[in-house]
Amino acid sequence: MRAVQSQVPGRGPLPVVGEADLDGKFVVTVMELSGEDGLLGCIQCGTCTGSCQLSSWMDYTPRRIVDMVRKGLAREVLASRAIWYCASCYYCTVRCPRGIKLTEVLYALKSLALARGYAEPGAPAPAFYRTFFEVVGRYGRLYEPGLMIGVALRSGFGRLFRLAPLGLGMLRRGKMALLPERVRAVDEVRALMERVSRGLVRR
Amino acid sequence: MSEVRIAVYVCHCGTNIADKVDVAGVREFARRLPGVEVARDYQYMCADPGQELLRSDIRERGINRVVVASCSPRMHEATFRQVLESAGLNGYLFEMANIREHCSWVTEESELATHKARALVAAAVKRVRFHAPLEERYVEVNQKALVVGGGIAGIEAALKIARAGKKVWLVERGPSIGGKMAGLDKTFPTLDCSACILTPKMVEAAQHPKITLLSYSEVEGVDGYVGNFQVTVRRKARYVREEDCTGCGTCYQKCPKKVPSEFDGGLSHRKAIYVPFPQAVPNVPVIDRSNCIRFQTGRCGACEKFCPRDAVDFEQEDEFLTLEVGAVIVATGYETFQPQEAPQWGWGRYENVLTARQLERLVNASGPTGGKVLLRRDGEFTDEVPKSVAVLHCIGSRDENYYPYCSRLCCMASLKLAHLIREKTGAQVYSFYIDIRSAGKGYEEFYTRVQAEGIQFIRGKGAEVLERDGQLYVHAEDTLLGAYREVPVDMVVLSTAVTPAPGAERVAQIFGIQRGQDGFFLESHPKLEPLKTATEGIYIVGCCQGPKDIPDSVAQGAGGAAEVLSLLTAGRVQISPVVAEIDAEACSGCKVCVPLCPYSAIKYDEERGACGVNEALCKGCGTCVASCPSGALSCRHFTDEQIYAQIEEVSSL
Amino acid sequence: MTMRRYWYYPGCSGHASARDYQRSVALISPALGLDLVEVEDWNCCGTTAMTSVEPRLSVVLSARNLALAEEAGGRADLVVTCNSCYAILRRAQEQYARRREVRAEVDEALAGIGRRYSGTVRVRHLLEVLVRDVGLDALRERVRRPLSGLRLAPYYGCLLGRPRNDFEDPEEPLSMDRLLEATGATVVRFDRKSKCCGGALITTHEEAALELVREVLSEAAAREARAVVTACPMCQFNLDAYQAKVNAAFGTRLRLPVLYFSQVLGLSLGFGASELGLGQRFVPVGGVGKL
Chain R
430 MRAVQSQVPG RGPLPVVGEA DLDGKFVVTV MELSGEDGLL GCIQCGTCTG SCQLSSWMDY
490 TPRRIVDMVR KGLAREVLAS RAIWYCASCY YCTVRCPRGI KLTEVLYALK SLALARGYAE
550 PGAPAPAFYR TFFEVVGRYG RLYEPGLMIG VALRSGFGRL FRLAPLGLGM LRRGKMALLP
610 ERVRAVDEVR ALMERVSRGL VRR
Chain S
28 MSEVRIAVYV CHCGTNIADK VDVAGVREFA RRLPGVEVAR DYQYMCADPG QELLRSDIRE
88 RGINRVVVAS CSPRMHEATF RQVLESAGLN GYLFEMANIR EHCSWVTEES ELATHKARAL
148 VAAAVKRVRF HAPLEERYVE VNQKALVVGG GIAGIEAALK IARAGKKVWL VERGPSIGGK
208 MAGLDKTFPT LDCSACILTP KMVEAAQHPK ITLLSYSEVE GVDGYVGNFQ VTVRRKARYV
268 REEDCTGCGT CYQKCPKKVP SEFDGGLSHR KAIYVPFPQA VPNVPVIDRS NCIRFQTGRC
328 GACEKFCPRD AVDFEQEDEF LTLEVGAVIV ATGYETFQPQ EAPQWGWGRY ENVLTARQLE
388 RLVNASGPTG GKVLLRRDGE FTDEVPKSVA VLHCIGSRDE NYYPYCSRLC CMASLKLAHL
448 IREKTGAQVY SFYIDIRSAG KGYEEFYTRV QAEGIQFIRG KGAEVLERDG QLYVHAEDTL
508 LGAYREVPVD MVVLSTAVTP APGAERVAQI FGIQRGQDGF FLESHPKLEP LKTATEGIYI
568 VGCCQGPKDI PDSVAQGAGG AAEVLSLLTA GRVQISPVVA EIDAEACSGC KVCVPLCPYS
628 AIKYDEERGA CGVNEALCKG CGTCVASCPS GALSCRHFTD EQIYAQIEEV SSL
Chain E
3 MTMRRYWYYP GCSGHASARD YQRSVALISP ALGLDLVEVE DWNCCGTTAM TSVEPRLSVV
63 LSARNLALAE EAGGRADLVV TCNSCYAILR RAQEQYARRR EVRAEVDEAL AGIGRRYSGT
123 VRVRHLLEVL VRDVGLDALR ERVRRPLSGL RLAPYYGCLL GRPRNDFEDP EEPLSMDRLL
183 EATGATVVRF DRKSKCCGGA LITTHEEAAL ELVREVLSEA AAREARAVVT ACPMCQFNLD
243 AYQAKVNAAF GTRLRLPVLY FSQVLGLSLG FGASELGLGQ RFVPVGGVGK L
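Taken in order, these protein sequences are the chains called R, S and E. Under my numbering, residues 430 to 632 are what the first sequence spells out, in order. Under my numbering, residues 28 to 680 are what the second sequence spells out, in order. Under my numbering, residues 3 to 293 are what the third sequence spells out, in order.
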């Protein structure tokens with residue numbers, strides 16, 4: 430077992446939160462986007478963190494993210510590493526004693542981080558999500574070589590070389606198509622995507 | 028009928044009503060209604076000066092009908108009726124308009140609330156005109172009482188009633204009284220031995236000349252009404268004659284069949300013929316038929332052969348008794364959450380994950396390990412003592428996936444167990460908690476003491492227990508550090524939720540008790556009538572009403588006894604005159620109403636060829652009235668005239 | 003044998019990395035009386051990646067697939083073989099039913115492309131169809147080659163029982179245990195059967211995801227399973243293709259073939275290893291396929 434890392438901020442002066450740094454509307458935005466209106470009922474028990482297999486990689490624990498959202502630490506939440514570590518396993522959601530659908534909240538936070546420009550373009554997860562979006566927009570379905578190349582274009586060709594053996598392995602085992610499959614009515618798919626993602630940039 | 032002179036009072040209820048409803052406006056509106064002589068508004072109509080207003084208006088202004096617009100009639104109708112009586116006016120010449128629960132509390136806009144209040148007042152004024160004086164009657168109260176459930180609350184109630192000289196039947200479902208408390212080792216916060224303080228009470232209950240103990244018995248049905256209940260009790264066949272048995276124990280020593288012990292939470296074995304624990308009262312074994320070789324195969328019969336008193340009787344059958352009592356106390360207790368429903372905490376999957384109740388048995392000197400906290404391997408106890416133990420609070424409690432309420436006693440029970448484990452093993456003990464709720468006399472002091480003993484407190488709920496390479500780990504967030512932790516431990520103790528007892532639904536049905544959303548029995552008022560129920564003469568005490576610790580259960584048991592004694596001592600009880608009546612001339616004798624009556628209050632009289640209502644049994648529910656095809660039935664105080672007047676008025680505004 | 007008809011949604015991986023899965027499904031279905039008809043011109047469900055770009059994107063994308071199944075008619079259920087597609091399509095239905103503003107948006111977006119979704123189609127995992135519609139008794143009757151003595155670890159992953167549905171338990175799923183038992187195989191106890199394998203993170207946070215893969219595979223190995231069995235292309239690929247990397251990163255010597263339940267079932271029904279696509283994997287099936 431990897432030694433469990435603690436996220437205790439051990440160095441530097443204690444953080445001081447100025448009232449002006451707090452975005453009182455942030456929690457409302459997150460609740461609206463996620464459809465999860467129970468955030469205010471969180472009792473900070475940490476069941477989410479304790480159930481999360483990725484917590485030890487995060488800079489803030491899931492429980493803390495919830496409280497930061499409630500208190501309006503929008504910048505810190507959206508620039509955090511934690512939100513990109515969510516694997517959407519839904520353990521926090523099914524175990525939360527207050528029934529909070531934290532996985533939905535995390536979707537909303539990632540979406541806001543992308544829309545508000547907090548996610549660095551080259552960072553692996555944002556690059557992956559953006560490319561996925563483009564690939565599906567182009568073909569209506571996932572095209573794995575397209576995804577790999579797209580991610581590499583965003584986050585540097587080093588990644589492409591690291592992915593190459595895997596891609597070749599897939600090809601050899603008939604697990605990857607060289608040519609993309611395209612939905613016949615791909616225009617329909619694009620229209621749907623455009624319609625819903627239009628508001629994205631403005632959030 | 029003399030001239031109708033109505034007085035209307037609009038209550039502010041402090042700010043409860045006045046904040047939403049324009050009370051002065053409603054008063055002015057009422058003043059102009061036909062028949063209204065006086066209209067006033069006042070801060071608290073239920074308080075002394077408010078009552079005095081009513082009295083002086085009745086005396087000095089010749090008022091003969093009264094409307095109070097205030098709270099629910101459930102709250103104060105009886106209060107105001109008495110005020111009318113004290114001023115010489117019949118209490119039924121009164122009508123209440125509920126402008127609090129039905130209006131100010133549930134309406135957002137002030138204007139709408141005021142409008143609704145006006146409509147309700149107008150309807151009450153219209154209705155009260157048709158009210159007729161009704162006379163209350165009284166019936167005798169039977170001087171015996173019944174207590175259902177032989178846990179600490181029920182024992183306390185039975186003893187208090189018996190000591191006052193009244194006869195009590197104490198009915199217990201299990202083979203022994205003692206309840207959950209009998210399974211505990213020490214009790215918080217004083218750490219006195221549970222058995223030492225409970226056993227004397229159990230013995231007293233069994234020996235008291237005024238108490239008849241019916242163990243291994245269940246209530247099957249209740250008839251009658253306050254002061255005069257007929258209760259049917261099933262005495263389940265024990266297959267051992269209580270009067271012959273001396274409790275020598277030969278039978279269960281000889282019995283070859285081993286069964287996991289319920290009392291020890293499956294951590295030890297009992298026999299198919301058994302007493303649940305050594306101090307059982309009565310000390311008479313029972314045969315568990317489903318596990319008895321004799322009953323299942325016809326062979327064996329060892330217990331019968333070896334019994335020196337020939338007390339074993341395989342032919343015994345269930346018996347039924349009918350008890351006549353004036354009042355009933357229901358003290359049917361609770362159960363604890365069974366964590367096999369929640370595999371994330373590892374109970375049933377890992378053998379060193381125990382519930383708090385199981386651990387109580389381990390630390391108990393009469394338990395399966397003689398009071399030692401030991402680890403298990405392959406289903407058996409080893410002689411190995413755990414070096415680290417985690418106590419997980421709130422397992423199933425405060426959790427919408429299981430039980431949303433706080434179980435109230437487990438924080439303290441968990442602290443006690445943490446202390447006992449530390450004391451007995453010297454292990455490192457971790458306490459995983461969300462909040463420590465130590466509200467109670469001496470409780471916070473106990474928490475302080477346990478802290479000083481070096482228990483590791485981790486503020487974070489134990490999310491999961493998982494084994495890796497033979498080692499248990501508790502996964503949780505240490506929320507005060509903001510850190511994820513996987514704490515390796517040898518043993519895990521789950522402080523499981525307090526839940527309604529199995530069968531609570533049936534008990535509620537039999538006794539006409541309502542249940543809350545959480546499944547516990549519902550008291551008739553959350554503050555002022557915590558022991559009464561919707562059925563008069565039926566009281567609830569202890570954990571059947573909600574989670575409680577021992578001191579609170581004992582206090583409630585005594586309180587329930589006080590309720591019963593005040594009813595019995597009064598000797599008679601008022602019967603509401605709001606009952607159905609039958610116009611024998613108009614009755615066609617069709618008997619449609621007879622089976623519909625939920626209280627079996629209607630009988631058909633062959634001689635008169637008409638039905639008749641037993642007023643003592645009738646609750647005035649109106650079911651029969653609605654069903655009568657010839658219009659012969661009516662309900663006093665809810666006549667067609669009265670109801671239509673009210674409906675017409677409320678819908679005309 | 004009467005055939006039961008279903009619409010079938012293979013998902014993107016069904017046409018790419020999980021072609022062996024699809025082959026085995028195509029092979030066993032008719033043998034079990036299932037007529038799976040692929041939905042015409044389906045699109046990507048949106049998966050968690052698109053949901054993270056915008057939580058409603060996968061709702062509209064899924065809604066088009068649901069609308070296509072409804073348009074195709076026949077009141078048949080929509081059968082899915084990928085746990086991720088299953089969860090995302092069900093999430094779309096749940097959000098559509100529960101959130102008025104989402105429903106309005108979806109209705110409008112679909113109307114814009116001349117389609118309509120009425121919320122009637124049932125989304126079901128093939129595993130559910132096998133266990134409930136076909137039934138374990140019927141499966142047992144059709145087993146030609148009982149897989150006696152074969153120790154298998156059933157791995158369900160996250161999305162078959164979570165967040166919540168009317169099919170599987172979120173903590174302790176059992177359907178695959180029962181199905182594998184019906185083939186005569188021995189199912190090992192598997193505490194991590196519904197843990198996350200990190201599939202959603204493998205391309206973006208490989209180091210973290212590999213740890214999760216190791217957790218799952220290590221327990222399966224410790225329980226002496228001969229193979230891990232999955233019901234999801236994401237899980238299968240992750241546990242299979244990254245096993246070598248796990249061994250390199252942690253110094254482990256894991257060598258556990260990762261199969262689909264449909265392939266295991268196919269073996270017991272008497273189909274051959276190669277027609278079931280057992281060759282198409284990174285960790286070779288070895289003796290498992292020769293039963």
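For the record, the hints were derived by calculation from the structure and aren't laboratory data. Keep in mind that the hints are not guaranteed to be accurate.
Incomplete in silico selection of chain E near chain R, CB under 8 Å [to be verified]:
(1) Arg66
(2) Ala99
(3) Asn167
(4) Pro172
(5) Leu176
(6) Arg180
(7) Cys198
(8) Thr205
Ranges of calculated distance between the beta carbons of each label pair, as one might list FRET restraints [claimed, not checked]:
(9) Gly587/R to Gly453/S: 53 to 63 Å
(10) Glu610/R to Gln483/S: 50 to 60 Å
(11) Glu471/S to Arg134/E: 46 to 56 Å
(12) Arg225/E to Thr409/S: 18 to 28 Å
(13) Glu270/S to Arg225/E: 52 to 62 Å
(14) Gly35/E to Leu348/S: 58 to 68 Å
(15) Glu128/S to Ala99/E: 25 to 35 Å
(16) Gln541/S to Arg77/E: 51 to 61 Å
(17) Gly76/E to Phe665/S: 52 to 62 Å
We put the CB at the ideal spot given by N, CA and C, even for glycine.
Okay, the hints, checked on the actual structure:
Restraint check, Arg66/E versus chain R: the minimum CB separation of about 6 Å is within 8 Å; hint holds. Taking 8 Å as the C-beta cut-off, the interface hint given for Ala99/E is violated, the closest approach to chain R being about 12 Å. For the restraint placing Asn167/E at the interface with chain R, the shortest Cβ-Cβ distance is roughly 11 Å, beyond the 8 Å limit, so the hint is violated. For Pro172/E, the interface hint holds, since its Cβ comes within 8 Å of a Cβ in chain R; the closest pair sits about 4 Å apart.
Evaluation of the Leu176/E hint against chain R yields a violated restraint, the C-beta minimum of about 16 Å exceeding 8 Å. Hint status for Arg180/E: violated, given a least beta-carbon distance of 22 Å to chain R, over 8 Å. Residue-level restraint check for Cys198/E holds (minimum Cβ-Cβ distance to chain R is 4 Å; threshold 8 Å). Given hint, Thr205/E at the interface with chain R, holds; its Cβ is 6 Å from that chain's nearest Cβ, closer than 8 Å.
Under the hint 53 to 63 Å, the C-beta atoms of Gly587/R and Gly453/S, about 55 Å apart, fit the expected range. Between Glu610/R and Gln483/S, the C-beta spacing of about 57 Å keeps the proposed range 50 to 60 Å intact. About 54 Å separates the C-beta atoms of Glu471/S and Arg134/E, a value consistent with the hinted range of 46 to 56 Å. Distance hint check: the CB atoms of Arg225/E and Thr409/S are about 23 Å apart, consistent with the given range 18 to 28 Å.
The beta-carbon spacing between Glu270/S and Arg225/E, approximately 57 Å, falls within the hinted interval of 52 to 62 Å. Remark: the range hint 58 to 68 Å for Gly35/E to Leu348/S is upheld by a beta-carbon distance near 60 Å. Taken as a hint, the range 25 to 35 Å holds for the pair Glu128/S and Ala99/E, whose Cβ atoms sit roughly 33 Å apart. Checked against the given bound of 51 to 61 Å, the beta carbons of Gln541/S and Arg77/E, roughly 44 Å apart, lie outside it.
A beta carbon spacing of about 57 Å between Gly76/E and Phe665/S agrees with the range 52 to 62 Å that was offered as a hint.
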